[in-house]
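Chains V and Z supply the protein sequences, listed in that same order.
Using this note's numbering, the letters of the first sequence map in sequence onto residues 27 to 338.
Using this note's numbering, the letters of the second sequence map in sequence onto residues 27 to 338.
Calculated directly from the structure, the hints in this document are not laboratory data.
Where chains are identical, the list cannot tell them apart; a pair therefore holds if satisfied intra-copy or between any two copies.
Lysine-lysine pairs mimicking PhoX-like chemistry, simulated, CA-CA at most 20 Å apart:
id	residue 1	residue 2
1	Lys-213	Lys-152
2	Lys-153	Lys-210
3	Lys-314	Lys-334
4	Lys-213	Lys-250
5	Lys-240	Lys-163
6	Lys-240	Lys-230
Number of protein chains: 2
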Amino acid sequence: MFSCCNCITAEFFLRVHLKEDNLTLPKEITLAKFAGFCYGVKRAVETVKKLKNDYPNRNICVLGELIHNTQVIDELNAMGIKSLKELPQKGDGICVVRSHGESPEVFEQIKNVGFEVYDLTCPDVKKVQQKAIELAKDGYYLVIVGKATHPEVIAIEANAKQFGENVLVATEVEELKPYELELKSAKKIGVVVQTTQMLSTLNKIVEYLTPLTKELLIANTICKSTSMRQSEAKELAKSSDLMIVVGSKKSANTTHLAEILKNITPTIHIETEKELDNHKDLIEKAQKISITAGASTPDSVIDKVINKIKCY
Amino acid sequence: MFSCCNCITAEFFLRVHLKEDNLTLPKEITLAKFAGFCYGVKRAVETVKKLKNDYPNRNICVLGELIHNTQVIDELNAMGIKSLKELPQKGDGICVVRSHGESPEVFEQIKNVGFEVYDLTCPDVKKVQQKAIELAKDGYYLVIVGKATHPEVIAIEANAKQFGENVLVATEVEELKPYELELKSAKKIGVVVQTTQMLSTLNKIVEYLTPLTKELLIANTICKSTSMRQSEAKELAKSSDLMIVVGSKKSANTTHLAEILKNITPTIHIETEKELDNHKDLIEKAQKISITAGASTPDSVIDKVINKIKCY
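With the sequences and hints as input, model every part of the structure.
Below, the structure is given as structure tokens:
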């Protein structure tokens, strides 16, 4: 299921020897192997573009922003693929459900206003929804680890709530404490995790739940792409003077990456190469710089960052 | 299921005013509510004595020491109830299986040498065995949290191994690491816990296992008696200058109690009141002393400790 999208373009140990005037040491720049587009995002972007090519005369739109990346959204817009902030009263053509997924109600609404639905829910996200449904059906008190406002979480929650009322969403133990008595009286508790969550967040929730119940089932649904990206970046950070995380500040998985790395080594989180100058001192001082990027960051954005660093 | 055996005899907030000559402050002595015999141990000791009373002319023996307490073993011996170090070639009368439980093979052997079996496996321990069997049958790779040499663990392991080969025993992550590849390739991992283990030990194992598998089922089989004893003692330790843990140094649950408390406040672990003098300085210096005791510690031993402290 995991597909490393960057394997072909990534120069894994790109060593850039700069200013070889013996006054400063050459910089060593490493691009993470698992940086950028994950399988689900790559699939979503490619399929939407293909749809527009295949049906140039049909209205192709996406409910919400296809991915958290302004450049990609602008590119799609230029192709005539609109991002709908909300469903119109009346629809025409194809409406794409993005990789985050949607609740069953929203699927219905898309059809009811007149659209044909094209479901691009990431298969890994689909698995979380299915696991959540299975646990709710089996009588587990369900805890979804994720931000309640994240579209993926909203859809997982809605899917589960079709089959069981006992569903909580949390990334902090504090959010669960008001329900401690309920959780204690539950015969069994099930946990699913929004695909791009941090393992440390899951661990904290699990540590809290373990003594509360006789049966705790943890479906570790953090996707392979996310877990490998995070663990690789952690390893890189240990031997780097500076980590650069490239990607939208609205993207949960990109923000998590930066959070994790900040505890290990100096880290900057930028959306594009333009922000690099804000951190000039840090970049000039660092000898070993490693770069990683969130699942919604296109290769082209990463490449521009690398090229600009070479010029420092 | 949980029965507080000490409720009647325990003086919960026993305040002992000593040396009220204004030179030293009066000591405040607190006996933990959940100190001493748990339900399973109380049941085992009472039943064995009743058996001897009911059948004075029959041979009544126990395979192993009924509980980890010399005084109790001596008392049973004096009544003519022997503790067998191992099974004889030929048996006669009733052989008791103690609260730790035994493997199915040992049950067979007891019968085969000619004994009648009297099963005093603690019902909570029985539940761990049943859960372990259920998980092994369901295809889970089973991890038993406990010491491999603990008789309860040996019996749980043997019960599970009837139905699945993939069974590991561990209290440390290091013990699992050699099997990491196997664990990673397991579709699902199940965890059961020896009833008197520490929650912190379970948490460490769970934190290690969570990222390895897509489905982790934790059957938190730490018994209520153990978890309440540990959590009450932790609370007491926070407001005490000295904790005294009474019970055998061979008893896992008593040793765990002392380990937990040592991280919170000065703690001494004694088997009987005779050892108190070894810690005279600590006891005299402490104003707030709290006492707790393991599941195999009789009230009489606890009472002697309290009475002796009053004399300091």
